[in-house]
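Q: Listed here are the chains, written in short residue letters.
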Amino acid sequence: MNKYVAAIALIIVFIFMFLTATYMHPFGEPENQDMDQYMIENAQNETGANNVVTSVVFDYRGYDTLGEATVLFTAVMGVLVVYKKTRKGGE
Amino acid sequence: MTLESSAIFNLPFITVVLLIIIGMYALMFKRNLIKIVIGLTLIESGVNLFLIALGYRKGCYAPIYTNAPTTAMVFPTPQALTLTSIVIGLAVTALMLSFAVLIYKKYGTINAEKTRRLKG
Amino acid sequence: MIPMSKIVRTITNILYVFIIGFGFYVIIHGHLTPGGGFQGGAVVASAFALLAVAYGRKKIVSMLNKEHLSVAEISGLLAFICLAFLGLGTVFFFNFLAVGRSIPVFSNTPAGINPGDLNTAGILPLMNIAVGVEVLSALGVVILTMFLGFKEGK
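Going down the list, the protein sequences come from chains V, Y and F. Each residue of the first sequence is one higher than the last, beginning at 1 in this note's numbering. Each residue of the second sequence is one higher than the last, beginning at 92 in this note's numbering. Each residue of the third sequence is one higher than the last, beginning at 212 in this note's numbering.
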């Protein structure tokens with residue numbers, strides 16, 4: 001019984017997402033191009049990098065990269081804690 | 092815009108939907124913890140593909156000026172955010188697999204239905 | 212895990228130097244070509260995974276030290292944050308080398324389509340190196356920890 005409800009819910013979600021995908025803007029013609037066009041035109045002058053993606057990652061959106069590095073560090077600490085040597089007698 | 096005319100041009104978005112639905116199927120119907128992690132990774136791949144497909148412009152090249160053919164370039168911001176998302180997804184996958192190992196060590200099984208009892 | 216056959220180990224001995232070199236090339240040229248700190252770090256960590264698979268559990272403990280990798284990871288993160296703080300005279304994450312051009316380090320300005328110049332982009336190459344060191348040591352720590360599994364001292 002539970003599985004049937006879950007399957008029906010999955011099919012409804014699939015129909016909604018499929019309709020959204022078909023009625024989106026056509027692939028290859030995005031709207032609202034102002035911000036990215038500004039970055040493409042001015043990244044070389046403002047950051048000096050040829051690679052615009054690198055200048056977005058490290059200069060325009062540096063806070064995202066800082067948070068990402070922190071998340072990676074925290075996840076590695078979590079893995080190390082999980083695999084830590086356990087004491088005698090469990091726990 | 093009719094559904095028939097736009098469906099074939101939005102093929103990347105439909106691929107995104109299929110990836111996310113397969114991942115959600117694995118989340119809802121599988122009981123193996125490793126398979127649940129695989130389902131989450133599929134959803135994450137769908138989201139990454141969606142971000143990349145949003146930033147594509149027809150006939151443009153990668154946003155790198157070194158020996159570029161033209162100055163018509165695709166959007167750099169979705170690619171940068173996808174880079175962030177990939178690394179975070181990798182960290183989260185490593186953490187989830189470690190928890191699966193921990194659950195197997197404590198309960199002796201990775202079936203999600205058999206790990207419900209409380210154990211001191 | 213037992214080590215693999217002699218053919219695999221010989222090919223690994225030849226190949227892993229080139230993989231690590233290519234990873235550092237991707238890191239250092241991150242502001243000119245596709246790639247950057249994250250991708251190059253992942254390439255170097257794949258060399259660590261190749262070593263671990265080829266040499267097995269006994270030898271890999273003496274080849275790669277997990278504590279050293281941990282220290283390198285923390286150093287990379289701290290270097291990244293310190294580079295961000297160095298621009299605090301204006302704002303956090305200010306590219307002080309590329310904008311003012313008062314210090315002649317990484318301070319050229321490219322214009323239009325050019326064949327590439329390493330001496331550009333201000334603090335971006337330094338940040339690429341810091342993040343690359345952090346990612347390669349983080350992935351190396353994860354690979355080593357999951358490969359070795361639980362300690363036997365239980």
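Please keep in mind that the hints were generated in silico from the structure rather than gathered at the bench. Do not rely on the hints blindly, as some may be mistaken.
What the hints assert, rightly or not - Cross-link-like lysine to any residue pairs, in silico, SDA-like; alpha carbons within 20 Å at most:
{"id": "1", "chain 1": "Y", "residue 1": "Lys196", "chain 2": "F", "residue 2": "His279"}
{"id": "2", "chain 1": "Y", "residue 1": "Lys149", "chain 2": "V", "residue 2": "Phe27"}
{"id": "3", "chain 1": "V", "residue 1": "Lys84", "chain 2": "Y", "residue 2": "Met187"}
{"id": "4", "chain 1": "F", "residue 1": "Lys277", "chain 2": "V", "residue 2": "His25"}
{"id": "5", "chain 1": "V", "residue 1": "Lys3", "chain 2": "Y", "residue 2": "Ala203"}
{"id": "6", "chain 1": "V", "residue 1": "Lys84", "chain 2": "Y", "residue 2": "Ser189"}
{"id": "7", "chain 1": "Y", "residue 1": "Lys196", "chain 2": "F", "residue 2": "Gly360"}
{"id": "8", "chain 1": "Y", "residue 1": "Lys121", "chain 2": "V", "residue 2": "Phe27"}
{"id": "9", "chain 1": "V", "residue 1": "Lys84", "chain 2": "Y", "residue 2": "Ala191"}
{"id": "10", "chain 1": "V", "residue 1": "Lys3", "chain 2": "Y", "residue 2": "Gly130"}
{"id": "11", "chain 1": "Y", "residue 1": "Lys149", "chain 2": "V", "residue 2": "Met1"}
{"id": "12", "chain 1": "V", "residue 1": "Lys84", "chain 2": "F", "residue 2": "Ile324"}
{"id": "13", "chain 1": "V", "residue 1": "Lys3", "chain 2": "Y", "residue 2": "Ile113"}
Q: None of the hints should be skipped; say for each whether it holds.
A: For each hint, the structure was consulted:
1. Y:Lys196 / F:His279: violated (28 Å)
2. Y:Lys149 / V:Phe27: holds (8 Å)
3. V:Lys84 / Y:Met187: holds (16 Å)
4. F:Lys277 / V:His25: Status violated; Cα separation ~49 Å.
5. V:Lys3 / Y:Ala203: holds (16 Å)
6. V:Lys84 / Y:Ser189: holds (11 Å)
7. Y:Lys196 / F:Gly360: holds (11 Å)
8. Y:Lys121 / V:Phe27: The hint is violated at about 33 Å.
9. V:Lys84 / Y:Ala191: holds (15 Å)
10. V:Lys3 / Y:Gly130: Distance of about 18 Å is within 20 Å: holds.
11. Y:Lys149 / V:Met1: Distance ~47 Å between lysine 149 of chain Y and methionine 1 of chain V Cα, so the pair is violated.
12. V:Lys84 / F:Ile324: Since the Cα atoms of lysine 84 of chain V and isoleucine 324 of chain F sit roughly 52 Å apart, the hinted pair is violated (cutoff 20 Å).
13. V:Lys3 / Y:Ile113: The hint holds at about 16 Å.
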